Amino acid sequence: MFRVGVEAMKIKLKIIGPLIYETGFSEKELELEKPITAGQLLSRIRIQENRPKIMTRNGKAISPKEELEDGDRIAICPLYSGG
Amino acid sequence: MPMNGWTGHLLRINLTTGSVKKESFTEEFAKSWIGGRGFALKILWDELKPGIDPLGPDNKLVVALGPIAGIPAPNTGKTVVAAKSPLTGGYGDGNLGTRVTVELRKAGYDGLIIEGQARSPVYLNIVDDRVEILPADEIWGKGTYDTNEWLYKKYGKGVGVLNIGQGGENKVLYAVVRSLEGRAGGRPGIGAVMGSKNLKAIVVKGSKSIPMADPPGMKALGAGDLRKVQEIDKKTGWSVQGTTGVLSWCNEVAALPVRNMRKTSHPEAWKIDGERLNNARIATYGCPNCTMRCGIAIHDHEGRESELDYENVGMLGSNLEIFDLPQVASLNYLCDDYGVDTISAGGVLGFYADAIDRGAIEGDFRFGDAERAKELLRMTAYREGVGNFLADGTMRMAQKIGGDAMDYAIQVKGLECSAYNCKFIPGMALAFATSPIGAHHKESWVIMFEITQTSRESYGPEKAQKVIELQRIRGGLFEFIVACRFPWIELGWDLQHYADYFNTITGMRWTLDDLFKVGDRIYALMKLFWLREYPDWNRTKDYPPKVWFDPSNADNEGPIAGQVLEWDKYEKLLDSFYEIRGWDKRGIPTKKTALGLGLAEEAAEVEKYGKLE
Chain A
1445 MFRVGVEAMK IKLKIIGPLI YETGFSEKEL ELEKPITAGQ LLSRIRIQEN
1495 RPKIMTRNGK AISPKEELED GDRIAICPLY SGG
Chain B
14 MPMNGWTGHL LRINLTTGSV KKESFTEEFA KSWIGGRGFA LKILWDELKP
64 GIDPLGPDNK LVVALGPIAG IPAPNTGKTV VAAKSPLTGG YGDGNLGTRV
114 TVELRKAGYD GLIIEGQARS PVYLNIVDDR VEILPADEIW GKGTYDTNEW
164 LYKKYGKGVG VLNIGQGGEN KVLYAVVRSL EGRAGGRPGI GAVMGSKNLK
214 AIVVKGSKSI PMADPPGMKA LGAGDLRKVQ EIDKKTGWSV QGTTGVLSWC
264 NEVAALPVRN MRKTSHPEAW KIDGERLNNA RIATYGCPNC TMRCGIAIHD
314 HEGRESELDY ENVGMLGSNL EIFDLPQVAS LNYLCDDYGV DTISAGGVLG
364 FYADAIDRGA IEGDFRFGDA ERAKELLRMT AYREGVGNFL ADGTMRMAQK
414 IGGDAMDYAI QVKGLECSAY NCKFIPGMAL AFATSPIGAH HKESWVIMFE
464 ITQTSRESYG PEKAQKVIEL QRIRGGLFEF IVACRFPWIE LGWDLQHYAD
514 YFNTITGMRW TLDDLFKVGD RIYALMKLFW LREYPDWNRT KDYPPKVWFD
564 PSNADNEGPI AGQVLEWDKY EKLLDSFYEI RGWDKRGIPT KKTALGLGLA
614 EEAAEVEKYG KLE
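Protein chains in written order, with this note's numbering: chain A, 1445 to 1527; chain B, 14 to 626.
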């Protein structure tokens, strides 16, 4: 449920690699109240805080301070370094 | 004279004459080149004449280990195999996990130098000081799985085995060396060199101890660290998906190889991702001395067990637009059994389908056709029909096709690119282009740093600096000390541990910077090797595939829509790379750089063929 007068938005969330075993899902659509930053989104998902991870928005890197927008596709990935 | 950390011996086997000689090396050689890639490169530099036929008796196959190889410590089960590459014409090598690493060290050797050419197929059986050259009639013609099993049956499962399949026997230019106790190595055709010598397999068993400055200290340090690495892996869950987790990330950020790298993502990529692979898992494999095993095996389309990692899935799956995991596993199984490189095989088949699609040649192979791909792999391994064309790799295929085919041949220096589509990733494109053995991801995987910590559009010197930093570690330290880089790169295991292992086993007091200098020496000599082979060397050899600069090849949608690499900016990035390395505008170390790295003799030698600035 969203509060009256608060703008809502939908984002698609993609979880990558072993992080899916912490969140319990690998892809999901979320309805969120605006405003919300990438960092705030992270804190709502069950991923160990001290685990190194990176986020992208629509395929581009995003910092925790950036605000999310309606329709964003957010991916959260552990740090890989390549086989 | 024995040196702690090294056995101090190399075993030289001449297959033409049948002679076997145990040779000592000097302390200066050991300290200058440390082992693995360093030993192999220096031996090949000293002993090969430029211009020799890589598939003739004058080439030499070097198997090289390092001071921490084979000892009980994190991920020390790797062996380097090297030769002059038949695929690229330059120095070529690769590493693979194998019990040979442990057994060869225990047999009293830090490496093998295999010369000449046997008159008929043979294999080697090395048991400490006893070396037998035996007929291989019963295994010649077999795939690597049957060959390995035949040898296990004869010698027991405790031996280490390196072997080749039909790909190596028939000199497919990207044939690899295989080991069932690990995986495969030697992408630039080292398996073809082994085949050209009529050498089917190497079996090793040792019973000696490895000389160490502080055996109890090394034992306690190594065993403790193996447990710690295992604990970190369990905590992070890295090996649940292993390297294949990266496929989804590449798909998100427009870096996935799709359709001969024409595209950078695909809506069906999830069908072959790490989650699906883990769900299908039937077994897990790792190399000797590994506590973070990354080999995920599943049933392939025919019900066989096939072990996959990201590179296989990327190149034999998405690059061919095959999004059926068991079918990808079948292609992977065939590559492994025939002993051909999975990355290059995916690159070759992708290029073949692309050339047909563009109307450059006639053929019946289309993207997405797994069954035809299987048949083409078989024909390649046996050099039958069109397989003879495919067996020579994309660069030679493009030369034969002519026209603009070389533009979309996804290779550098003749070696097919690994599974990262860099049409708009300048730093990773530079990493592929400056990899000293051709386009290989093992030298400098800068892509995640580049996309997440820099501006993707940037061609600034920070990217060249990072490529070099990673080359020093990945293509340097881990290749000459000889250990798997995964504890460091995937679990954050500090690099200082490797200096600690080195010092504990050798009794020396080297810093990481001391070790990195050896890496720079090796990189410089690899470039001198190229110059000696190709005196007219120029910087175009350090260019990534042309199609990555072609605006008509830009993505129509997604994060890099409308964007491709830009030539003038890439040239500046390449200049930055050369400048930081102390190389000239051709990409060759200057005389000052060579001398500063202790390469005075090598500089004088190379100047007989090409000039140093």
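Since the hints were derived computationally from the structure, they do not count as laboratory data. All values derive from a computational prediction rather than experimental measurement. All C-beta atoms in this analysis are idealised placements derived from N, C-alpha and C, irrespective of residue type, glycine included. Treat the hints with care, as some may be off.
Under the rule of at most 16 Å between Cα atoms (straight-line distance), these lysine to aspartate or glutamate pairs were calculated in the EDC-like manner [stated by the list, open to error]: (1) Lys-248(B) x Glu-1493(A); (2) Lys-1458(A) x Glu-281(B); (3) Lys-247(B) x Glu-1466(A); (4) Lys-554(B) x Asp-533(B); (5) Lys-166(B) x Glu-151(B); (6) Lys-559(B) x Glu-579(B); (7) Lys-35(B) x Asp-142(B); (8) Lys-35(B) x Glu-128(B); (9) Lys-276(B) x Asp-563(B); (10) Lys-1504(A) x Glu-570(B); (11) Lys-284(B) x Glu-1471(A); (12) Lys-1478(A) x Glu-1451(A); (13) Lys-585(B) x Asp-568(B); (14) Lys-248(B) x Glu-1451(A); (15) Lys-1497(A) x Glu-1466(A); (16) Lys-1504(A) x Glu-470(B); (17) Lys-605(B) x Glu-620(B); (18) Lys-119(B) x Asp-142(B); (19) Lys-554(B) x Glu-584(B); (20) Lys-387(B) x Glu-315(B); (21) Lys-44(B) x Asp-533(B); (22) Lys-184(B) x Glu-397(B); (23) Lys-35(B) x Asp-141(B); (24) Lys-1504(A) x Asp-568(B).
Residues from chain A that keep clear of chain B, each with C-beta distances beyond 10 Å, as calculated [to be verified]: (25) Ile-1460; (26) Glu-1466; (27) Glu-1473; (28) Leu-1474; (29) Leu-1476; (30) Ile-1480; (31) Thr-1481; (32) Ala-1482; (33) Gln-1484; (34) Gly-1515.
Can you confirm whether the C-alpha distance between Lys-166(B) and Glu-151(B) stays at or below 16 Å? Status holds; Cα separation ~13 Å.
At 10 Å, judged by beta carbons, does Gln-1484(A) keep clear of chain B as stated? holds (19 Å)
Would the hint linking Lys-1504(A) and Glu-570(B) be met if the CA-CA limit is 16 Å? holds (13 Å)
Between Lys-44(B) and Asp-533(B), is the straight-line Cα distance small enough, at 16 Å or below? Within the cut-off at roughly 14 Å; holds.
Confirm or reject: Thr-1481(A) is not an interface residue toward chain B, with every Cβ-Cβ distance exceeding 10 Å. holds (17 Å)
Within 16 Å, alpha carbon to alpha carbon, are Lys-35(B) and Asp-141(B)? Status holds; Cα separation ~11 Å.
At 10 Å, judged by beta carbons, does Glu-1466(A) keep clear of chain B as stated? Incorrect as stated: the minimum Cβ-Cβ distance to chain B is 8 Å, not above 10 Å.
When you look at the beta carbon of Leu-1476(A), is every beta carbon of chain B farther off than 10 Å? holds (20 Å)
Are Lys-284(B) and Glu-1471(A) close enough, with their CA atoms no more than 16 Å apart? holds (13 Å)
Given hint Glu-1451(A) paired with Lys-1478(A) - CA-CA distance at most 16 Å: holds (5 Å)
Would you check the hint for Lys-247(B) and Glu-1466(A), treating anything up to 16 Å between C-alpha atoms as holding? holds (13 Å)
Would you mind confirming whether the straight-line C-alpha gap from Lys-1504(A) to Glu-470(B) stays at or under 16 Å? Holds, because 11 Å separates the two Cα atoms, which is no more than 16 Å.
The structure fails hints 4, 13, 14, 25, 26 (numbered hints given earlier, in ascending order).
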